[in-house]
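> One-letter residues, chain by chain:
Protein chains: 6
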Amino acid sequence: MADWLTTLHTDTPQEGFELAITLARKGVAYTQPDAEVRDKLRPAYAEHADSLTAASHVIATHFQTIAAANNYWK
Amino acid sequence: MADWLTTLHTDTPQEGFELAITLARKGVAYTQPDAEVRDKLRPAYAEHADSLTAASHVIATHFQTIAAANNYWK
Amino acid sequence: MADWLTTLHTDTPQEGFELAITLARKGVAYTQPDAEVRDKLRPAYAEHADSLTAASHVIATHFQTIAAANNYWK
Amino acid sequence: MADWLTTLHTDTPQEGFELAITLARKGVAYTQPDAEVRDKLRPAYAEHADSLTAASHVIATHFQTIAAANNYWK
Amino acid sequence: MADWLTTLHTDTPQEGFELAITLARKGVAYTQPDAEVRDKLRPAYAEHADSLTAASHVIATHFQTIAAANNYWK
Amino acid sequence: MADWLTTLHTDTPQEGFELAITLARKGVAYTQPDAEVRDKLRPAYAEHADSLTAASHVIATHFQTIAAANNYWK
Numbered sequence: 000m001a002d003w004l005t006t007l008h009t010d011t012p013q014e015g016f017e018l019a020i021t022l023a024r025k026g027v028a029y030t031q032p033d034a035e036v037r038d039k040l041r042p043a044y045a046e047h048a049d050s051l052t053a054a055s056h057v058i059a060t061h062f063q064t065i066a067a068a069n070n071y072w073k
Numbered sequence: 000m001a002d003w004l005t006t007l008h009t010d011t012p013q014e015g016f017e018l019a020i021t022l023a024r025k026g027v028a029y030t031q032p033d034a035e036v037r038d039k040l041r042p043a044y045a046e047h048a049d050s051l052t053a054a055s056h057v058i059a060t061h062f063q064t065i066a067a068a069n070n071y072w073k
Numbered sequence: 000m001a002d003w004l005t006t007l008h009t010d011t012p013q014e015g016f017e018l019a020i021t022l023a024r025k026g027v028a029y030t031q032p033d034a035e036v037r038d039k040l041r042p043a044y045a046e047h048a049d050s051l052t053a054a055s056h057v058i059a060t061h062f063q064t065i066a067a068a069n070n071y072w073k
Numbered sequence: 000m001a002d003w004l005t006t007l008h009t010d011t012p013q014e015g016f017e018l019a020i021t022l023a024r025k026g027v028a029y030t031q032p033d034a035e036v037r038d039k040l041r042p043a044y045a046e047h048a049d050s051l052t053a054a055s056h057v058i059a060t061h062f063q064t065i066a067a068a069n070n071y072w073k
Numbered sequence: 000m001a002d003w004l005t006t007l008h009t010d011t012p013q014e015g016f017e018l019a020i021t022l023a024r025k026g027v028a029y030t031q032p033d034a035e036v037r038d039k040l041r042p043a044y045a046e047h048a049d050s051l052t053a054a055s056h057v058i059a060t061h062f063q064t065i066a067a068a069n070n071y072w073k
Numbered sequence: 000m001a002d003w004l005t006t007l008h009t010d011t012p013q014e015g016f017e018l019a020i021t022l023a024r025k026g027v028a029y030t031q032p033d034a035e036v037r038d039k040l041r042p043a044y045a046e047h048a049d050s051l052t053a054a055s056h057v058i059a060t061h062f063q064t065i066a067a068a069n070n071y072w073k
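Protein chains in written order, with numbering that gives the first Met the number 0: chain P, 0 to 73; chain C, 0 to 73; chain W, 0 to 73; chain X, 0 to 73; chain G, 0 to 73; chain E, 0 to 73.
So here's chain P without its partners, still in its complex pose:
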């Protein structure tokens, strides 16, 4: 796998949030490396409220890390 994460630094909190989303998805992609399978799972998943909440929770966990890494963009 090519380099995809060279720094946790971002210029803004929003970019940090978007990096958190990337990390959450990478956690899935490492576990299920077949992109076709992941694409197949997406429709059902994205229409299931509890699945979306669970995805949002993973993002929140990564955002904690990234926010700390950026000293909360103070």
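Mixed in with the good hints there might be a few duds.
[To be verified] Simulated DEER-style distance windows between Cβ atoms:
{"no.": "1", "chain 1": "W", "residue 1": "R41", "chain 2": "P", "residue 2": "W3", "range": "43 to 51 Å"}
{"no.": "2", "chain 1": "P", "residue 1": "W3", "chain 2": "X", "residue 2": "T11", "range": "40 to 48 Å"}
{"no.": "3", "chain 1": "W", "residue 1": "T21", "chain 2": "G", "residue 2": "D49", "range": "29 to 37 Å"}
{"no.": "4", "chain 1": "E", "residue 1": "R41", "chain 2": "W", "residue 2": "D33", "range": "38 to 46 Å"}
{"no.": "5", "chain 1": "E", "residue 1": "D38", "chain 2": "P", "residue 2": "E46", "range": "44 to 52 Å"}
{"no.": "6", "chain 1": "E", "residue 1": "P42", "chain 2": "X", "residue 2": "E14", "range": "38 to 46 Å"}
{"no.": "7", "chain 1": "G", "residue 1": "T21", "chain 2": "P", "residue 2": "W3", "range": "31 to 39 Å"}
{"no.": "8", "chain 1": "C", "residue 1": "A1", "chain 2": "P", "residue 2": "H47", "range": "22 to 30 Å"}
{"no.": "9", "chain 1": "G", "residue 1": "K39", "chain 2": "W", "residue 2": "H47", "range": "18 to 26 Å"}
{"no.": "10", "chain 1": "P", "residue 1": "H47", "chain 2": "W", "residue 2": "D10", "range": "16 to 24 Å"}
Note that these hints are calculated values from the structure, not bench results. Since this is a predicted model, take the numbers as computed values, not measurements. Where is the CB? At the ideal position from N, CA and C, for every residue including glycine.
Chain P is already provided as a structure; the job is to place chains C, W, X, G and E on it using the hints.
Just chains C, W, X, G and E, lined up with the frame of chain P:
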């Protein structure tokens, strides 16, 4: 997507809590970008106690980040 | 919504724990603002062990924040 | 409810772990204040592996707080 | 119950990880003190992927605590 | 079990992320030591979106620890 998160600073803990709610919802919105689909999911979801608890947990996780970013509004 | 959270400071750990409970419930109330619906959900929920554990987990997450905000009441 | 949490300080990590268990149970007890109902729920719950894991997770979350409060008993 | 946790200090990260596993199991054992019941639950549980992931999550939570207690073995 | 975790230090955030994946899997492997059983569970698991999200959550939790251990690779 337009700028929606330029700072984690809030004037009061309550505004911080409300920002945590925004972040929790944004985590859902990035995963399911279709607002119509999200609106369709809401009624069932909002009448299911475990779904509400899970949503509250995501808020709690973001509130940790925001509270730290604001030095706990001390 | 009126002001309901002006400080994370509490005099004792127990009051901090009770504030954590308030925050956990507020996370639910912002997501489901209809108090009647929430009251309707309570009986079933409060007799389901896994739901109670999940609620306790949200409280634990908020208590982390509040304990840090109070420097652990040292 | 009488005073039940006046300090997060404990003499040993083990006492801290046991306090974490107390906090996890208190989170349940505040949500379901009827002890008879809680006792009725226990047997099924305590024979369900996933329920036990979830309970252990809440304890782990509280133990983080208590360990930090005690500066990790260093 | 005899003394089983007198320190969070470990010599290596791996021993810290193994201590995290012990803490996760102790959280279960305090909730279900009957070892026979726990042994009966293990086979089904250990062949259920989601149960294993949940157990791994509890371990991860305790490992955070233990890693911090050991200043990350720096 | 041979030494598999001698340091939390990694050269890059990406290696830290990959170490988080290793830790998440080790948490499973200690709980279900039979590699054949784990291999048998993988196919179903890796095609279930909620299972993948849960795995991603464990990775996120470990990544918090590893990122802190590396001072966020600043």
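> Look at each hint and say if it fits the structure.
Hint check:
1. W:R41 / P:W3: 43 to 51 Å: holds, 45 Å
2. P:W3 / X:T11: 40 to 48 Å: Holds, at about 44 Å.
3. W:T21 / G:D49: 29 to 37 Å: holds, 32 Å
4. E:R41 / W:D33: 38 to 46 Å: holds, 43 Å
5. E:D38 / P:E46: 44 to 52 Å: The hint (44 to 52 Å, Cβ to Cβ) is violated, given that D38 (chain E) and E46 (chain P) are roughly 31 Å apart.
6. E:P42 / X:E14: 38 to 46 Å: holds, 45 Å
7. G:T21 / P:W3: 31 to 39 Å: holds, 35 Å
8. C:A1 / P:H47: 22 to 30 Å: holds, 27 Å
9. G:K39 / W:H47: 18 to 26 Å: Holds - the Cβ-Cβ distance for K39 (chain G) and H47 (chain W), about 23 Å, lies within 18 to 26 Å.
10. P:H47 / W:D10: 16 to 24 Å: violated, 43 Å
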